[in-house]
Amino acid sequence: MRSPIALAIAGAMLVLPARAEGPALGRTATPDEIATWDTSIGPDGAGLPPGSGRAKQGAAVFAEKCAACHGESGSGKPNDRLVGGVGSLSGDAPVKTVGSFWPYATTLFDYVRRAMPITAAKSLSNDEVYAVCAFILERNGIVGESDVMDAKSLPQIKMPNRGGFTTFSRVK
Amino acid sequence: MQEYGSPFVGYGQPSKFEAKVARTFASAPGTNGTGAARTPLHLLDGTITPNGLHFERSHSGIPDIDPDRHRLLIHGLVKRPLVFGLQALDRYPMESRIAFLECGGNSGTLYQKDPAQLNAQALHGLVSCAEWTGIRLTTLLDEAGIDPKGQWLLAEGADAAGMSRSVPIAKAMDDGMIALYQNGERLRPSNGYPVRLLLPGWEGNMQVKWLRRIKITEGPTMTKDETSKYTISLPGDKALQFVFPIEGNSIITGPSPGLTLREPGFYEISGLAWSGYGRITRVDVSADGGKSWATAALQEPVLPKALTRFRIPWRWQGGPAILQSRATDDSGYVQPTRAELIAERGTARTIYHFNGIASWAVAENGEIRHVYA
Numbered sequence: 001m002r003s004p005i006a007l008a009i010a011g012a013m014l015v016l017p018a019r020a021e022g023p024a025l026g027r028t029a030t031p032d033e034i035a036t037w038d039t040s041i042g043p044d045g046a047g048l049p050p051g052s053g054r055a056k057q058g059a060a061v062f063a064e065k066c067a068a069c070h071g072e073s074g075s076g077k078p079n080d081r082l083v084g085g086v087g088s089l090s091g092d093a094p095v096k097t098v099g100s101f102w103p104y105a106t107t108l109f110d111y112v113r114r115a116m117p118i119t120a121a122k123s124l125s126n127d128e129v130y131a132v133c134a135f136i137l138e139r140n141g142i143v144g145e146s147d148v149m150d151a152k153s154l155p156q157i158k159m160p161n162r163g164g165f166t167t168f169s170r171v172k
Numbered sequence: 001m002q003e004y005g006s007p008f009v010g011y012g013q014p015s016k017f018e019a020k021v022a023r024t025f026a027s028a029p030g031t032n033g034t035g036a037a038r039t040p041l042h043l044l045d046g047t048i049t050p051n052g053l054h055f056e057r058s059h060s061g062i063p064d065i066d067p068d069r070h071r072l073l074i075h076g077l078v079k080r081p082l083v084f085g086l087q088a089l090d091r092y093p094m095e096s097r098i099a100f101l102e103c104g105g106n107s108g109t110l111y112q113k114d115p116a117q118l119n120a121q122a123l124h125g126l127v128s129c130a131e132w133t134g135i136r137l138t139t140l141l142d143e144a145g146i147d148p149k150g151q152w153l154l155a156e157g158a159d160a161a162g163m164s165r166s167v168p169i170a171k172a173m174d175d176g177m178i179a180l181y182q183n184g185e186r187l188r189p190s191n192g193y194p195v196r197l198l199l200p201g202w203e204g205n206m207q208v209k210w211l212r213r214i215k216i217t218e219g220p221t222m223t224k225d226e227t228s229k230y231t232i233s234l235p236g237d238k239a240l241q242f243v244f245p246i247e248g249n250s251i252i253t254g255p256s257p258g259l260t261l262r263e264p265g266f267y268e269i270s271g272l273a274w275s276g277y278g279r280i281t282r283v284d285v286s287a288d289g290g291k292s293w294a295t296a297a298l299q300e301p302v303l304p305k306a307l308t309r310f311r312i313p314w315r316w317q318g319g320p321a322i323l324q325s326r327a328t329d330d331s332g333y334v335q336p337t338r339a340e341l342i343a344e345r346g347t348a349r350t351i352y353h354f355n356g357i358a359s360w361a362v363a364e365n366g367e368i369r370h371v372y373a
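Line by line, the protein sequences are chains A and B. Taken in order, the first sequence gives residues 1 to 172; the numbers are from this note's numbering. Taken in order, the second sequence gives residues 1 to 373; the numbers are from this note's numbering.
Honestly, the hints are just simulated from the structure, not real lab data. In this text the structure is predicted, and so the values were computed from the model without any measurement. No false leads were slipped in.
Pairs of lysine-lysine, DSSO-like flavour, derived with a Cα cap of 30 angstroms:
no., chain 1, residue 1, chain 2, residue 2
1, B, Lys149, B, Lys229
2, B, Lys229, A, Lys65
3, B, Lys149, A, Lys152
4, A, Lys158, B, Lys149
5, A, Lys158, B, Lys238
6, B, Lys238, A, Lys77
7, A, Lys152, B, Lys79
8, B, Lys291, B, Lys113
9, B, Lys229, A, Lys152
10, A, Lys56, B, Lys229
11, B, Lys229, A, Lys77
12, B, Lys113, A, Lys77
13, B, Lys229, A, Lys122
Which bits of chain B does chain A cover? Going by a derived footprint, with three or more residues having C-beta under 8 angstroms, they are:
no., segment
14, 90-98
15, 238-247
Note that CB positions come from ideal geometry on N, CA and C, so glycine has one too.
All chains should be built: construct the whole structure from the sequences, respecting the hints.
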């Protein structure tokens, strides 16, 4: 006579799902949920929120919340330098800043909004993030003092080093 | 021993005599926990890194995540956007694999003009190896149903930095894993508790810890860490981007700086080899700076994309020697010399993906120094 345990196993065997079928234990995400979580910004600007800012407002935010780590006007020290270095990439000591190295301005918005300031990430308003981006880009001579950064203008900026990257491939 | 021993404890710790076997770490100015903690490779043997000594690299400290509140969202170019809690993930079929994890910036100091006088931990300690257990990424992606236009995914962490990287779908489908366990126990917070992405053989930065979101996209998102960082500046004005695989590498962990040879005689030269392309097939060792080589024994099991221990007996005669190791993998890739790598990438232009042959010089007094040879 079969033991109860063997019977239980045999019973379980009967309900094994077909191989191709997953356990399907995920819950369908609602559009609202996705909108709350999906803060990443593509290089085409997809995902940029409403809001806007200019370099002048950005200068004030930067001085208060960024300069302690990135230096006055993004000159660097103790942490990453953000301004200058254009023309240095082929020299002996490449200076990689937002202006000289970063290929997309959208990355700046994405990163500042998600990760900065380092001890208070995600604390800046969208207007403040646009303004800080405007300030850093203005200090790099990429946009003018009165240029408005927003969801439309930011992705249109052609960064100086846009063409500076080659995709790695093992085949030499 | 006649003295009665100590009582049981709930979670065991190493002997008090092993206190020096610890990670060393540095944090960015003005922060705690933003930076890297390094594995003491020169004080360990075998191939599996104990969980408390696994290297860590964090960009905004280590988040304290309640697993009951953590969610993983899969969305973007999918038929059905899905949310998973830990209770759901725990019910999925699991699999285990042993894989090394290496920071893209490991050994970056060796790009510098002069050899830094540091030990194996400080120079190379951003590589570790563990048995990871979790869910095949394809299982979850298939349930969400990827649109054929979706060729990349964005993986995002729940840390304050919202660490994010783009990964080609092909890699996710090949051997990507949603890892929940590390060496048999739940992931350590510093290694992504409760959920991390595992991409065996690829640079550690992509294997996003505290994974909260996977977004299927047409192209790469061009995040900060795949543009301004983790790119390799070449001589001239171009930089290599999307340098994903860790190429064949090896280091001698003993003898190594700090482990002074006390007298001439027998020593085992032992070290670690690894490659993101597959299995290590051969490690050659030199004691004369690369003039002559002998093939080391590889400790079984030799697993693909896992640390592989090599060993070779050596009799030190008491004279100067320069110890080197050179790995070959089953794709035919041979670890380059430092000079070959520098010829390709220049001096101090980047810190990423250094895998040139490292050299330890043994002096007549038995002291060991890091040199370029």
